[in-house]
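One-letter residues, chain by chain:
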Amino acid sequence: MSTDDESFHPLGEEWEDELETMLDDTEYDSDLGMEMAQDAMRVTKGELSEAEFHERYHEDVMEEFGEDERPTKEAYEAAQEEAKGTVSNMLNAFDGDDGETRRETMKKMGVGAAAVGVGAFGAASNGPEQSVTAAEEGHGPRQETTEESDTQWGMTIDLERCDGCLSCMTACSEENDLDQGVNWMYVMAWEDENHHGQEGSEYDVYTDFNMGSDFNMLVRPCQHCTDAPCEKVCPTTARHTRDKDGLVLTDYDVCIGCRYCQVACPYGVNYFQWDEPDVAYEDIDGLEDPDNPDQITHAEYEHGERWVDSRAPRGTMSKCTMCPSMQDGKQGEDKVGTSACESACPPGAIQFGNVKDERSDPSQHREHPVKSRAIVHLTNSTDSTKTAPSADQINSALSEGDDLQTAIDQIEGLTVDILAIMKSIEMVSEGTEPGDEENNSILSAEQDILSAVEAFQQYVDLETEEAYSELGLGDGSEQQAHFRLEQYTGDPSSFQLLEDVGTNPNVTYLGQEPGPEAQQVEGPTKYEDVGLLDERQEYLDEGTVGRIDGVSL
Amino acid sequence: MSTKTPSEEDILRPINTLTKKYFILYGVAALGLVAFLVAWAYQLQQGLIVTGLGDWGSGGGSTWGLYIGAFIWWVGVAHGGIILSAAVRLLNMDRYMPVARLAEMTTIGGLSAAGFYILVHMGRPDRMVTSVIGHYHITVNNSPLVWDVTVITAYFVLSATYLGLTLRYDISRLRDDLPDMFEPVYKILTLGYTEAEDKVIDRMVWWLAAAVIIMAPLLLHGGVIPWLFALLPAMPGWTGAIQGPMFLSIALMSAISGIMIISYAFRRAYDWDHIITDDIFRGLLLWLGFFTLLFLWFQLQTIINGVFLGPTNKAVAIEAKIAHPIYQVAMTMIFGTLVYIFLQGIRPALFSKRRALIASVIVLTGTLTEKILFVVEGFLHPTFDIYANTPGTYFPSAIEWLSLVGTTGLVALLFLNLSKLVPVVELHAIEHLRGDHEHGEEATEPEVEA
Numbered sequence: 001m002s003t004d005d006e007s008f009h010p011l012g013e014e015w016e017d018e019l020e021t022m023l024d025d026t027e028y029d030s031d032l033g034m035e036m037a038q039d040a041m042r043v044t045k046g047e048l049s050e051a052e053f054h055e056r057y058h059e060d061v062m063e064e065f066g067e068d069e070r071p072t073k074e075a076y077e078a079a080q081e082e083a084k085g086t087v088s089n090m091l092n093a094f095d096g097d098d099g100e101t102r103r104e105t106m107k108k109m110g111v112g113a114a115a116v117g118v119g120a121f122g123a124a125s126n127g128p129e130q131s132v133t134a135a136e137e138g139h140g141p142r143q144e145t146t147e148e149s150d151t152q153w154g155m156t157i158d159l160e161r162c163d164g165c166l167s168c169m170t171a172c173s174e175e176n177d178l179d180q181g182v183n184w185m186y187v188m189a190w191e192d193e194n195h196h197g198q199e200g201s202e203y204d205v206y207t208d209f210n211m212g213s214d215f216n217m218l219v220r221p222c223q224h225c226t227d228a229p230c231e232k233v234c235p236t237t238a239r240h241t242r243d244k245d246g247l248v249l250t251d252y253d254v255c256i257g258c259r260y261c262q263v264a265c266p267y268g269v270n271y272f273q274w275d276e277p278d279v280a281y282e283d284i285d286g287l288e289d290p291d292n293p294d295q296i297t298h299a300e301y302e303h304g305e306r307w308v309d310s311r312a313p314r315g316t317m318s319k320c321t322m323c324p325s326m327q328d329g330k331q332g333e334d335k336v337g338t339s340a341c342e343s344a345c346p347p348g349a350i351q352f353g354n355v356k357d358e359r360s361d362p363s364q365h366r367e368h369p370v371k372s373r374a375i376v377h378l379t380n381s382t383d384s385t386k387t388a389p390s391a392d393q394i395n396s397a398l399s400e401g402d403d404l405q406t407a408i409d410q411i412e413g414l415t416v417d418i419l420a421i422m423k424s425i426e427m428v429s430e431g432t433e434p435g436d437e438e439n440n441s442i443l444s445a446e447q448d449i450l451s452a453v454e455a456f457q458q459y460v461d462l463e464t465e466e467a468y469s470e471l472g473l474g475d476g477s478e479q480q481a482h483f484r485l486e487q488y489t490g491d492p493s494s495f496q497l498l499e500d501v502g503t504n505p506n507v508t509y510l511g512q513e514p515g516p517e518a519q520q521v522e523g524p525t526k527y528e529d530v531g532l533l534d535e536r537q538e539y540l541d542e543g544t545v546g547r548i549d550g551v552s553l
Numbered sequence: 001m002s003t004k005t006p007s008e009e010d011i012l013r014p015i016n017t018l019t020k021k022y023f024i025l026y027g028v029a030a031l032g033l034v035a036f037l038v039a040w041a042y043q044l045q046q047g048l049i050v051t052g053l054g055d056w057g058s059g060g061g062s063t064w065g066l067y068i069g070a071f072i073w074w075v076g077v078a079h080g081g082i083i084l085s086a087a088v089r090l091l092n093m094d095r096y097m098p099v100a101r102l103a104e105m106t107t108i109g110g111l112s113a114a115g116f117y118i119l120v121h122m123g124r125p126d127r128m129v130t131s132v133i134g135h136y137h138i139t140v141n142n143s144p145l146v147w148d149v150t151v152i153t154a155y156f157v158l159s160a161t162y163l164g165l166t167l168r169y170d171i172s173r174l175r176d177d178l179p180d181m182f183e184p185v186y187k188i189l190t191l192g193y194t195e196a197e198d199k200v201i202d203r204m205v206w207w208l209a210a211a212v213i214i215m216a217p218l219l220l221h222g223g224v225i226p227w228l229f230a231l232l233p234a235m236p237g238w239t240g241a242i243q244g245p246m247f248l249s250i251a252l253m254s255a256i257s258g259i260m261i262i263s264y265a266f267r268r269a270y271d272w273d274h275i276i277t278d279d280i281f282r283g284l285l286l287w288l289g290f291f292t293l294l295f296l297w298f299q300l301q302t303i304i305n306g307v308f309l310g311p312t313n314k315a316v317a318i319e320a321k322i323a324h325p326i327y328q329v330a331m332t333m334i335f336g337t338l339v340y341i342f343l344q345g346i347r348p349a350l351f352s353k354r355r356a357l358i359a360s361v362i363v364l365t366g367t368l369t370e371k372i373l374f375v376v377e378g379f380l381h382p383t384f385d386i387y388a389n390t391p392g393t394y395f396p397s398a399i400e401w402l403s404l405v406g407t408t409g410l411v412a413l414l415f416l417n418l419s420k421l422v423p424v425v426e427l428h429a430i431e432h433l434r435g436d437h438e439h440g441e442e443a444t445e446p447e448v449e450a
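Residue numbers (the UniProt record's numbering), protein chains in the order written: chain H, 1 to 553; chain Y, 1 to 450.
FYI, nobody ran anything at the bench for these hints, they're computed from the structure.
Idealized CB from N, CA, C, for every residue including glycine.
Don't take every hint at face value.
[Said to hold, decoys possible] Below are the SDA-like pairs computed for lysine to any residue, each with C-alpha atoms no more than 25 Å apart in a straight line:
{"no.": "1", "chain 1": "H", "residue 1": "Lys232", "chain 2": "Y", "residue 2": "Leu219"}
{"no.": "2", "chain 1": "H", "residue 1": "Lys232", "chain 2": "Y", "residue 2": "Arg173"}
{"no.": "3", "chain 1": "Y", "residue 1": "Lys314", "chain 2": "H", "residue 2": "Asp251"}
{"no.": "4", "chain 1": "Y", "residue 1": "Lys199", "chain 2": "Y", "residue 2": "Arg173"}
{"no.": "5", "chain 1": "H", "residue 1": "Lys244", "chain 2": "Y", "residue 2": "Arg173"}
{"no.": "6", "chain 1": "H", "residue 1": "Lys232", "chain 2": "Y", "residue 2": "Ile242"}
{"no.": "7", "chain 1": "Y", "residue 1": "Lys187", "chain 2": "Y", "residue 2": "Arg168"}
{"no.": "8", "chain 1": "H", "residue 1": "Lys244", "chain 2": "Y", "residue 2": "Gly134"}
{"no.": "9", "chain 1": "Y", "residue 1": "Lys314", "chain 2": "H", "residue 2": "Leu48"}
{"no.": "10", "chain 1": "Y", "residue 1": "Lys314", "chain 2": "H", "residue 2": "Asn194"}
[Claimed, not checked] Sample of chain H residues at the chain Y side, in silico, Cβ under 7 Å:
{"no.": "11", "residue": "Thr236"}
{"no.": "12", "residue": "Gly257"}
{"no.": "13", "residue": "Val279"}
{"no.": "14", "residue": "Tyr281"}
{"no.": "15", "residue": "Pro347"}
{"no.": "16", "residue": "Glu433"}
[Claimed, not checked] Calculated Cβ distances over 12 Å to all of chain H for the following chain Y residues:
{"no.": "17", "residue": "Leu48"}
{"no.": "18", "residue": "Leu66"}
{"no.": "19", "residue": "Ile242"}
{"no.": "20", "residue": "Arg347"}
{"no.": "21", "residue": "Ile372"}
{"no.": "22", "residue": "Ile386"}
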């Protein structure tokens, strides 16, 4: 492009001429088109606001086309707030916004079409959005047709925090009215050649964090796989993935009881209802006042409801559901994003939530295991001897001019150790705030700790060399803080069960992965001691007609 | 071997006689079936808890058992039967023409028993239509169980058409000697028959036979049925490409044995020494030996692949398999039969019909045992075998055992009924044996084959 080129279009005069010829071929006013295109270029350069552009041409456009699909001033301003920059960026900002379909967005962004070039003007009879769509194709972030939910319920389970108390199993049984031996949630201790229970354990020393556990644990709910083999093999579609949140569920009204899902599941999470369930349908109870069991047993779908929750009726397959009645808000808003087992777990080893949301508990626990472990441990009052004080506690206990040791002594339960961990959390924290859609307990607990540290620092400066050394934080770098946390919680590896089978499970584990030859051993709590039946066959054998004791294939 | 000349009268004998033995046999078969129907009703009332089945995994049971094992065994008998009959037609193995229709009827019987097992096995059989057919357009894309039902249905249609078409020739010619009682049935069977269609039917049947032979290994017992198991990645006892050929060899072994037993019974009951000759038994026995050899070869492949540096899960599953006493017994029985078959091939004096019958019974028992064990073993040694209660326990309940009696009764009843309705030996076969068949000149094939 030469400097004396007077064209307004960046591609030069020749291009403009070509476009003008194209405009001449249409039934519309070429001069108006060229004029608009010229000003549209000014809009892109920021010389002219889009609102001004719109006002300048609104009447002409109405006269020429009889309609003007470009945005009103208000819509424009709303869009402007969403995103600043090129048309493409603005469209991207709208993309995925649930409130508006992409097409609507396009219509509103008609002004952008003009800015792209006069080509859009020639196609105006089809509405200006068409050419923008064309321009977007290929490098757009996502096609309209691949609508994927941004919710996927799942878990991160900390096996080193699990103490095998089986509370989750009993809570699950009660929540879902399960028969004896139907252990949707199953907790086991295991050993293999590299991981013995008693001697040679990773923890030779008792710490408050590891609770001196001698057991390698495995917590096995349904993995709610993204590529669930059970769903693939189902001859009826009874076993399905709920679109809106990725839960893998069984429609008890459709299941024919062929048990192929149980056959195909590599984890063994399915339990068939071989006889009439112990709890009658009318007695299923999950709400405070369930006048209708449907409320608990039926989950919400795009089109109506399906019977997928709680214990299965006779002759159909059941397994862990991840509590859809809770996720649907039927048990109250505060239970959305929680599950019966998670709520029951004393050490907070089970973290349930939307694994696609980086702010959720499972994501935080998976991505920042060290920090999250420390947070859970310091704020989980039910099963921890160490508790972080709240900002209020600090404010009421401390006064100006306290030195570090005095301050610590003045707050009940606070130790140098706890304060050091709190400070370390603050140092490594990115300050991400919890979302408001679901229960982001780790991030809200983190916020509590951050404000407690902030409160503390109003009275005592923790960022001095002296304080750092007293808290064992070395030079006070983030790395040192991380190291301090690791000392406290360990740095667990993470894994998913049977990753090589290709099921893409939505449960992630922190801790030791059982090897291929791992075998279940007796755990710290016996199943029968908490009213559970481990080997269901013992019960099923009672119903077998003509059973010969002790004979097996 | 016999000096008697085969006649129309011979093949009409089952239809036009009614003996005390027949009634006794009918009574026993009906009793077997009814006994199981009663047991099934009890199962429907109580739930599947009356079986010995359970949940694999923490539950310590076996999800599938005798019902599915017997299901694939009956499907195998059925598929082998129709393959045999198709081979007779396609390859002009005229020597076996007298048992071709028995093979086709075995297919119908086997498929009926297998279909019945599908219902018996389910927790909610009442939903078969709404749940399975209602979602067919979706599930047929994924579920091997739906492929299975699809292909079995296709084969049922194929086999029934095959049988129906070949019956037209016989019934129209023998009509005068058939009982008037069944007149409406014959009318329907021979609807619009003219002699001009014989040639067309011949060609149609040939094409049907070709379809059976081509589809059997690719889709049916070499495909869809083994895929039910072989495609599941986390059950090393099942996984693997060998299952296709393995299943097909078992199907053919079972079918040949089944047909030998049924042929033996008919020959004995109706003095058909000159129709179902010793020569047919000798030939069938050699074919049985051939497929038994293939079966043992595939077993060997499976075992060596698992125990010699196999991956952990596979090694565990295979080592458990070969250590299982029932597996050892079944394989010994089958291997022993193979030895006998080879010996009598070398020294024909060792052959007798009774021994052939015993060989057949042994092979059928062996394959049924292998099938049930195969199904259960998948659950005993899964890849994820961390559970203390895995391997679990399973032994079929009285009701499950009774299902074998019931389905055998069902198939026996089918033969007993059909033998009173239509000739179980083709008219073509008689014509061929007499040498007055139009394709008579083709009967010059070698006497001993395989």
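Results of checking the hints against the structure:
For the hint pairing Lys232/H with Leu219/Y, the CA-to-CA distance comes to about 20 Å; that is within 25 Å, so the pair holds. With a C-alpha separation of about 52 Å, the suggested pairing of Lys232/H with Arg173/Y is violated against the 25 Å cut-off. Between Lys314/Y and Asp251/H, the direct Cα distance comes to roughly 34 Å. Violation of the 25 Å bound is thereby established for this hinted pair. Between the alpha carbons of Lys199/Y and Arg173/Y the distance comes to roughly 15 Å, so the proposed pair stays at or under 25 Å and holds.
Of the pairs offered as hints, the one joining Lys244/H and Arg173/Y is violated, with about 67 Å between alpha carbons and a cut-off of 25 Å exceeded. Distance check on the hinted pair: Lys232/H and Ile242/Y sit about 23 Å apart at the alpha-carbon level, within 25 Å; holds. Taking the CA atoms of Lys187/Y and Arg168/Y, the gap is about 10 Å. The hint holds against a cut of 25 Å. Annotation: proposed proximity of Lys244/H to Gly134/Y holds, straight-line Cα distance about 23 Å (limit 25 Å).
Note on Lys314/Y and Leu48/H: the hinted pairing is violated, with a Cα-Cα distance of about 72 Å set against a maximum of 25 Å. Proximity of Lys314/Y to Asn194/H is assessed by CA-CA distance (about 21 Å); at most 25 Å being required, the pair is judged to hold. Restraint check, Thr236/H versus chain Y: the minimum CB separation of about 4 Å is within 7 Å; hint holds. The interface hint given for Gly257/H is met, as the beta carbon of that residue sits about 2 Å from the closest beta carbon of chain Y, less than 7 Å.
The criterion of a C-beta within 7 Å of any C-beta in chain Y is not met by Val279/H, whose closest approach is roughly 15 Å, and the hint is violated. With its C-beta approaching chain Y no nearer than about 15 Å, Tyr281/H sits outside the 7 Å limit, and its interface hint is violated. This hint is violated: Pro347/H has a C-beta 22 Å from the nearest C-beta of chain Y, more than the 7 Å allowed. Look at Glu433/H: its Cβ only gets to about 39 Å from chain Y, farther than 7 Å, so that hint breaks.
Not every Cβ of chain H is farther than 12 Å from the Cβ of Leu48/Y; the closest lies at roughly 5 Å, contradicting the non-interface assignment. Against chain H, the non-interface label of Leu66/Y is violated: not every CB pair exceeds 12 Å, the least being about 9 Å. Separation of Ile242/Y from chain H is adequate, the least Cβ-Cβ distance of about 19 Å exceeding the 12 Å criterion. The beta carbon of Arg347/Y sits about 38 Å from the closest Cβ of chain H, which is more than 12 Å, so the claim that it is off the interface holds.
At roughly 7 Å from the closest C-beta of chain H, the C-beta of Ile372/Y falls inside 12 Å, breaking its exclusion from the interface. Ile386/Y, annotated as away from the interface, has a beta carbon of chain H within 12 Å; the closest lies near 5 Å.
Going down the numbered hints, you'll see the structure goes against 2, 3, 5, 9, 13, 14, 15, 16, 17, 18, 21, 22, while the others check out.
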